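There are 2 protein chains.
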Amino acid sequence: MSNYIESLGKKAKAISREVAKLTMDEKNAGLVAVAEELCKQSQTILKENAKDIQAAKDKGISEALIDRLRLSEARIVDMAEGLRQISALNDPIGDMRDIVQRPNGLKIGKMQVPLGVIGIIYESRPNVTADAFGLCFKTGNAVILRGGSDALNSNKAIVQAIWAGLCQVALPQDALLLVDDVSREIATEMMRLHKYIDVLIPRGGAGLIENVVENSTVPVIETGTGNCHIYVDEFADLDMAVQIIENAKTQRLGVCNTAESLVIHRKILKEILPKVEQALFSHGIEIRGDASVLALSNQIKAATEEDWGMEYLDGIISMRVVDSLDEAIAHINQYNTGHSDAIITENYHNGMKFHREIDAAAVYINASTRFTDGFVFGFGAEIGISTQKLHARGPMGLDALTTTKYVIFGDGQIR
Amino acid sequence: MSNYIESLGKKAKAISREVAKLTMDEKNAGLVAVAEELCKQSQTILKENAKDIQAAKDKGISEALIDRLRLSEARIVDMAEGLRQISALNDPIGDMRDIVQRPNGLKIGKMQVPLGVIGIIYESRPNVTADAFGLCFKTGNAVILRGGSDALNSNKAIVQAIWAGLCQVALPQDALLLVDDVSREIATEMMRLHKYIDVLIPRGGAGLIENVVENSTVPVIETGTGNCHIYVDEFADLDMAVQIIENAKTQRLGVCNTAESLVIHRKILKEILPKVEQALFSHGIEIRGDASVLALSNQIKAATEEDWGMEYLDGIISMRVVDSLDEAIAHINQYNTGHSDAIITENYHNGMKFHREIDAAAVYINASTRFTDGFVFGFGAEIGISTQKLHARGPMGLDALTTTKYVIFGDGQIR
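Protein sequences appear in the order of chains A and B. All residue numbers for the first sequence refer to this note's numbering, where the first residue is 1 and numbers rise by one. All residue numbers for the second sequence refer to this note's numbering, where the first residue is 1 and numbers rise by one.
FYI, nobody ran anything at the bench for these hints, they're computed from the structure. Any given hint might turn out to be false.
Same chains, same names: a pair is fine if it fits in one copy or spans any two.
[What the hints assert, rightly or not] Derived BS3-like pairs: lysine-lysine, alpha-carbon spacing no greater than 27 Å straight-line:
#1 353 to 107
#2 270 to 40
#3 270 to 353
#4 110 to 353
#5 353 to 21
#6 195 to 353
#7 110 to 405
#8 13 to 353
#9 405 to 353
#10 195 to 57
#11 21 to 107
Model, not experiment: these values are computed from the prediction.
Here chain A stands alone, though its shape is the one from the complex:
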């Protein structure tokens, strides 16, 4: 373990005790001061960002990736606005609940408290820097950020502005630490820092997440990929089904709650297929179907085994035909990524059974999978969408960055 990363960890652990003690008013004042400082320093941030953009161009990085890296005056204003919105949210820290009295008179309950030190490893979007800081700080945590090497100059400039904002209201700037050695070795060492980091959240593509899961000894909250399914039951309202399919696939292509796979009951296949084709082809979507689908249409391509497990993030959707609800559920549980799946049905029993048996973070009856989102769910913020089962599952709001401890009020009780 290098001295560099260990000393960062130690520093974060020490300062986390101080951050945990801040009142809601103090934290909100900090967030607002940081928002102002980001706007004030926008020219400096853009200058540093331009260096990253130029370096990325020199390396021949794709235009799509460069776009994710690029900041603008408007994007910085958005970052600042995001922090102001976080400052307006309720802060759950210090709340106590479920205080019960036991037979011996002990009062036992739970207090909501910060996790302590949160590590975030992310890729090229520099706006994550301000966003992640804001959410962790609001919940009384210290945070260690390790951004992508491509965005190092941008991230450093943003962090400078955050530090300046915190200083202005006399809050500890070490509440945010940036890993400015962006080598792979240091990232791997950070994943083994369980002595100092309480939770690690990777934000980025499947490769990054898999790397963190494989190598981390720090508990990880996995924000996963979404191979989301829509199952059209034999008892579906077909017009509703077509509307939901069109929305869930085409409203936005590159996000994790977009539908990637259709499962259709054989009894309504003939009737619904032309409508689905019409709705999706009008958006230029390619459909890849199994043999039963191919037999009914020559505009559809053949799906391979690989297609059933794909998160396309693109204008493609797979289509599979089943003979029963049980077959649909088995198929979905085999190939989904535990994100969001929907059934379209007017049958009470089938809807409830789908709710019960589908193994995913969000299970829908008669609605688009596109709703899986912390803002839509009413959390006011989103750290990501967890596809794992421990601690947090589904869209994560501020609560996911907290834990509880038992607090016990006694009067001299002994055992």
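Based on the hints, put chain B in the right spot on chain A.
Same frame as chain A, but now just chain B:
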């Protein structure tokens, strides 16, 4: 990855879908049938246990460890009784809560569901086999057990009885799988089976737990060690303090919620020290103190830096003097293991500050740390005491073996 462990994982994942669907009545019938079968097969189990005991003796294993390995008619009856008690508990699976209606009419709430596949790696106590099965099965999970090599014959016999019980009421016996290749390599492979195992719970000593944390890619729930502190504030009721200290240290020596460290405010040191000595020495407890304590007594040994972090699990306690509550909190947060710590005080501000600032699973005002226990807390069962912050913290009841998923009731909503 060997075929052996991968096929166990696959089998568990597949059967977990079936176990998750069982009703509360079906699961309870299974638990009762297994309890009966354990009693019926007790002679076979004791015969197999005798083989393990003999092998342990031949290997020269200590009498204390052999005692943990040893079963008796009475211990088997206890195991069966434990399963009957679990059958009587409420089963949270399928409960829905917090269903709210969003502006667009979507109803969004949480359903409590099994984790899926739980892996448990444990040491020599064979009674864990029945206990762990019972808790996991009650919550609708499949379980893979990997017990210690010393107890393999006993564990196999217990598992045979469990399988027989499940068969009798036509429930899937694969709900419980036993890793009967007890090599280290297979254990390590089991820790990397995140494709099939949803959570891994190590039950045993610090070495086992550290090994699992270091090597597992499966999310781990850490059941940790307890270096529990009692801080006697300057405003303490000293008689209450002495009673609580005596209870917390001496009521049971070898358990994780026993007090291992006293922190005393300097202002009351002179007055309380003789009383503490009298209370603890009468139980043969050794006190190891810092310089301030040594200056007042020649019956106390000198503590070294190492003592502050020790979980003795033995008749020893450390004693440290502080000049303020802040110093006490800083000391405890530096050396505790995040288990249980108590303040003895009649001062409102100091008690509330201690509650807020101590970083532990259970924080007490004026009560013995010995109460940190799932049964005492009223959970009716205990899988262990989590000293980590994610998912479950403190005593873990059945809820710790479950997760939630969002269930959404729509009416055709699109985004």
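Here's how the hints hold up against the structure:
no., hint, in the structure
1, 353 to 107, "between (40 Å within a copy, 17 Å between copies)"
2, 270 to 40, "neither (61 Å within a copy, 59 Å between copies)"
3, 270 to 353, "within (25 Å within a copy, 68 Å between copies)"
4, 110 to 353, "between (34 Å within a copy, 15 Å between copies)"
5, 353 to 21, "between (46 Å within a copy, 10 Å between copies)"
6, 195 to 353, "between (43 Å within a copy, 25 Å between copies)"
7, 110 to 405, "both (6 Å within a copy, 22 Å between copies)"
8, 13 to 353, "between (46 Å within a copy, 19 Å between copies)"
9, 405 to 353, "between (36 Å within a copy, 14 Å between copies)"
10, 195 to 57, "neither (39 Å within a copy, 38 Å between copies)"
11, 21 to 107, "within (24 Å within a copy, 36 Å between copies)"
Figure legend: structure checked against the earlier numbered hints; hints not met, in rising order: 2 and 10.
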